[in-house]
Amino acid sequence: MRRAPILYLSIAVGTMPAIAMAGSKLPQMDFADPLTGAQVVWMAIIMLVLYFLMARWALPQIGGVIEKRVSHIANDLETARQAKAKAEHAVTELNLAIRNARESSQSAIADAVKAAKERARAQSAELNAKLDDQIEQAESDIKAAQAQAVAALAPVAREVTSSLLMRLTGEEVSAERIDRTLALVVA
Amino acid sequence: MAQESAINALGQFQLTTGFGPVGRLVEFTNSNEMMLLAAAIITLLFATALRHRAMVPGRMQGLAEMSYEFVHQMVDDTIGHEGRRFFPFIFTLFAFILVGNILGLFPYFFAFTSHIAVTGALALFVFLLSTAVGFWYHGLGFFKFFSPPGVPGWLLPLLIPIEIVSFLSRPISLSVRLFANITAGHVMWEVFAGFMIMLVTGLGAVGVVAAIIPLGLNVALTALEFLVAFLQAYVFAVLTCLYLHDAIHLH
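Protein chains in written order, with numbering that gives the first Met the number 0: chain W, 0 to 186; chain U, 0 to 250.
Same shape as in the complex, but just chain U:
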């Protein structure tokens, strides 16, 4: 079919190089451009917020303080007092994913969180960090994590492998959740937009009227995608907190 090449819903995920010949040389990708933009936006937000340091915050300062307190609250509630030292990491992770998700929603922009290599690397880092923290706090006692307290002895041979598998599957579920959500949203957008083109080229005037349905779906989807953008960043950050909590407190 001729249209199929015209409407390639997956083309938007194609990596290219950015920043011209220099970028090509160092393999700086279009996804990295968006990462850089996200980091710049976050830094700029704080630079603006810190320029005034007003007692009564303005809009930008309010936004920075709100995000600070939101993540701070989350870290305090989930990890506890020991979580303070992980707060900058959780904040960086949350802000980076959130701004990345939102940037990806704009036309012609690239959603770097739709790449499993990116989310996988983040999730793997979180996994390695929480495991290292577990051994740091408890030494070899961290292995007790795999045998929950209050379980009868005869169940342990069954339970310990389950616990190990669920522990090892954490980076997979963490990375796939974010990657699949963002990818799915972007694919749906393009698929519905493709339907509109197909309807118009296939049915003419009738198709133009009928195309209102996928257009409406896309409008609704846009709202949903903004929700998903925030929700997935939040879920990623909360689960990271939860894994760190497990590492520090062993359940």
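In isolation and in its complexed conformation, chain W is listed as follows:
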């Protein structure tokens, strides 16, 4: 044993001066003393009581306390493990739901965009047709107004021309002649 040298050294160092000083015998070796034997008898009684106290009461109780703690810790660990598994399951489900929702929402968005585009296209086509109609209408109106204006211009021109000729030449020109000449100029 590793401890042996220390033990023997302590025994040797310890007992030598004791024997040197006392010279005589150890009280422990005095077996003639009735107390030497009596202490063993009393020890047997004390140890017997202590043994029954330990074996019947103290040790089983302490063992029970320790066992209860061990099982409590094991139970808690098991509960925690189950909770963890449940939580992990919930997280997987949640992720799946999120992915599904994202996919369905994306398709809904695509549908809505497509519908909106179609609607916009139809509206713009309708508007274009309406505008084309209006442009056409306006152009014919302008043309009519132009013709009207031109028609309205002829008597004025005849009047002006005849009055100018009257001042310049001092003679009356027939309206037919003026009209013929003006028609040549305007055309």
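One or more hints might be untrue.
[Unchecked claim] Here are the computed distance ranges between Cβ atoms for each label pair:
#1 Ser-165(U) <-> Asp-32(W): 28 to 36 Å
#2 Lys-24(W) <-> Thr-47(U): 41 to 49 Å
#3 Arg-58(U) <-> Gly-62(W): 17 to 25 Å
Hints were generated in silico from the structure; no laboratory data involved. For glycine and all other residues, C-beta sits at the position ideal for the given N, C-alpha and C.
Put chain U on the given structure of chain W with help from the hints.
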């Protein structure tokens, strides 16, 4: 020499009777007083520990549980599964010797483990118990214990007597180890303390200064003795486990 009677290093081991006239009548010794105190301390420790039964142990409960688990581990490791039934015995033995050793370290207290009659009785009981357990488990087959397996036949006449002698010397070595360690420690203490008195009475002022050396030695020795107190209780318990292991498993 005059001092020699004043410094009797062995006086501390002298048995007297305790508990006054009643103790004298029934021969209840001062050593038994310490045994009773040791048993009371152990019981009190468990009573305190068991009062709360806390899930998170306090200091006293922790100490009781630690000692329980320490000895339980030792019994399990050394004897094996069959050792369970000896656990209360080993625990009682270990706690009794340990508390006895430690109590003996206090001034004016008595170290009952320094008495060969006490350690001898304990060792003899352990020896008889382990032998009885051996015969209980194996019947006459227990005698096979004295012929180790795998030994050539021509060696047996030499080996069997050696085995028997070593078996029979177990209670002697077990008891003397504990007794000698505790006695040696206590004697050394008193011898060094005696040196201090001798130096002071012999050399006066110079002696007072010189007495610091044995004082320092005693301080160091105190630390060592606490170690020895635990170690010897442990060794006694472990060897008891080992003997029971041999009795149950035959090597």
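So, going through the hints one by one against the coordinates:
| no. | hint | verdict |
| --- | --- | --- |
| 1 | Ser-165(U) <-> Asp-32(W): 28 to 36 Å | holds, 32 Å |
| 2 | Lys-24(W) <-> Thr-47(U): 41 to 49 Å | holds, 42 Å |
| 3 | Arg-58(U) <-> Gly-62(W): 17 to 25 Å | holds, 20 Å |
Checked against the numbered hints above, the structure violates none of them.
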